[in-house]
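K.L.:
Since the structure of chain A is provided, determine the placement of chain B on it from the hints.
Given next are the chains, with one letter for each unit.
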Amino acid sequence: MKFKLFTLMFAVLGMAMTMPLSAQAQLSLNVNSPSMEKMPIAISAFYAEPGAQSDLATKMPGVIRANLESSGLFKTIDQKAFIQPPESIAADGPRFGEWRAINAEALVTGTLKATGDGRTRVEFRLWDVFGQQQLSGMAYTTTEENWRRIAHIISDEIYKRVTGETGYFDSRIVYIAESGAANARMKRLAIMDQDGANHKYLTDGRTLVLTPRFSPTQQMITYMAYYNNRPRVYLYNIDTGQQEVLGDFPNMTFAPRFSPDGNKVVMTLAKNGNSDIYVMDLRTKRTTQLTNHTAIDTSPSYSPDSKKVVFESDRGGTQQLYVMNADGSGAQRITFGNGRYANPVWSPRGDLIAFTRMYQGKFFIGVVRPDGADERLITEAFHVEGPSWSPNGRVLTYFKEVATGRANEGRQAKLYTIDLTGFNERLLATPGDGSDPAWSPLN
Amino acid sequence: MKAPLVVSGLFHLAVFLIGTISLPYLSPEMPMPEESISVEILDISEFAQTNKKPAKAEEKKIETPKEEAPEPPPVPVAPKVLAKTPPKPIAPAPPEIAVDAPKEPPPKPAPEPKVKPKIEKKAEAVKEPEEEVKPEEFQGLLRNLMDPPQTKAEASKTMEAGEEPSLMSRFASRMTMSEMDAVRQQLNQCWSVLAGARYAENLVVDIKLFMNPDRTVREARIMDQMRYTHDSYFRAAADSALRAVRSPQCNPLKLPPEKYDLWKEITVRFDPREVL
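Quick mapping for you: the protein sequence lines, in order, are chains A and B. Just so we're aligned: 362 in the working numbering is position 362 of the first sequence, and the numbers increase by one with no gaps anywhere. Just so we're aligned: 101 in the working numbering is position 101 of the second sequence, and the numbers increase by one with no gaps anywhere.
By construction, these hints were calculated from the structure, which means they are not laboratory data. Among the clues, some could well be false.
To be verified - Derived DMTMM-like pairs: lysine to aspartate or glutamate, alpha-carbon spacing no greater than 20 Å straight-line:
| # | chain 1 | residue 1 | chain 2 | residue 2 |
| --- | --- | --- | --- | --- |
| 1 | A | K38 | A | E69 |
| 2 | A | K160 | B | D231 |
| 3 | A | K38 | B | E274 |
For reference, chain A alone in the conformation it holds in the complex (with noise of 0.2 Å):
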């Protein structure tokens, strides 16, 4: 008995030493006020085997350092300052601490080898340079001209692993190019790399042409042309030049833009003086109509999940923004502040809505979630319009136009993006005037 009480006692001893270790509580911190500042990234030359092209072991890092900088997330560091070489990179890997010693948090780096068959074999590695360890890895082999286009993937890849989200930079923007006075201006369809680079032009100058929309599928354009004077809404194959009318409706239709399948083609039609949005089956050809109102309907856009169409109506007294089910049914209104809206474009990514609107004598584009919360203007001009998304929901692509001249008689339009922040908006360089660009889904 007494013995029972005596190990008892010992237990219970034995527990309460114990619980002071375990009084040695694990600090546990809540950090919620990062900065947003951009990655410094560091991105060496790649090295070029003896036989591979060496020219191009400047030339890609230089097209992905353009590619990251513009995106406004990244800081390229300058490469004087760079330590370690290209070859010794090749050879020994990554040196962390001269690395980590510039400050950049990660690297880029790349070899170069020439293939038996007149090809080139390009390895790119990304590194984290605080980790010490390798993120992404990727070889291609390629023509020796595909030299953009690999580093454009190179740099998706970089900016998927970094961000999380998937890139934009191998991709491609169409958009009206401009030139003539300002009382006859020529009018094409011309079509670029979406950092301006492989400009060219797929329309001659002799039909006027407006809203080219790419297929969030495949490299197609639709675009609205004056043939003959009459407006139709047409279709055109970038890879195989084609074209062909889309529906050889008696009224005039405009705004078109695809479903996100590319199936379909949501468009308006104007019957009697009046606008309502239709849909067309570009497989049957069937249409269906999804608005019936006596006000104006028009520029229709699918959510990505083709379930909603956000639209232009003035049927509430002045020009506003509106979300209905892919029917037609249920239409509700999403804007509600002064001034008119346009041209809404849903996001890739779904949570955002682009518009044009117009308010105090000034045009903005803006954005806001598609249930009307959180409504953000995030660049104005004299004249600005036509946003598109890139592939990624991340950056906007759209026009605008100054007025030149003594009198403010002339005309100057100019091509931009924005991040969807609203910060880093950037001129997109392209030989003439521009507008009403449409960016195509990743090539």
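P.N.:
The following block gives chain B in isolation, referenced to the frame of chain A:
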């Protein structure tokens, strides 16, 4: 024969009772004086300075231990290290093939650079071998803690992400508010997120830090490994948190050196919701 045993037993019981009843009242004697001095007399900036000096001193020391390159054991938590090794692999990868770090088996050169830094850190850690063992002891305890921190922090965001239940802390010294603020502030400065991230509301990352006595981070572990592997948005957010705790500006952390027992393991919640 039995009598002495009983006496001894009673005596032990008495000691225990005295301990449990009166110790809490006596405990202020412990490191409390230090606390009150550091909290009330110093402001954060001064406090930070006092910390910096010791940090440098210790860093110098590091060099000597480095050569010993003795203790591989201190690395109780190895998984990360393995993941890091794969760097330099791919030489003969086929065209168009994604070569993820994990996939690559034949590590070349990069492992070496890694090992060195590791050893340095370990060497520092080596100073007090006993402590190396403790993290493991705590792991069992930590598993229990993994859930609470989440709910706890959500419930009392405004409060200090504070320590463990206060009844426990009666037995130990505590981190003061200003000490914790100093670390928090330092981590905020090291942490940067990329603007406009999607799903920012779900990108809260919990990281567990295993600290060296010299206040540098020995290892940082993402608590939600599952999500890290499968959710690229979360992985990007977690990587930014990892960069913060590994950044040179956050090593060493501004922690009170004498309270190593309190911070040898730290759970940090990186919560970007307010800014994104």
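K.L.:
Against each hint, give a clear statement of whether it holds in the structure.
P.N.:
To see whether the hints hold, each was checked on the structure:
no.: 1; hint: K38/A to E69/A; verdict: holds, 9 Å
no.: 2; hint: K160/A to D231/B; verdict: holds, 12 Å
no.: 3; hint: K38/A to E274/B; verdict: holds, 18 Å
Going through the hint list in order, the structure satisfies each hint without exception.
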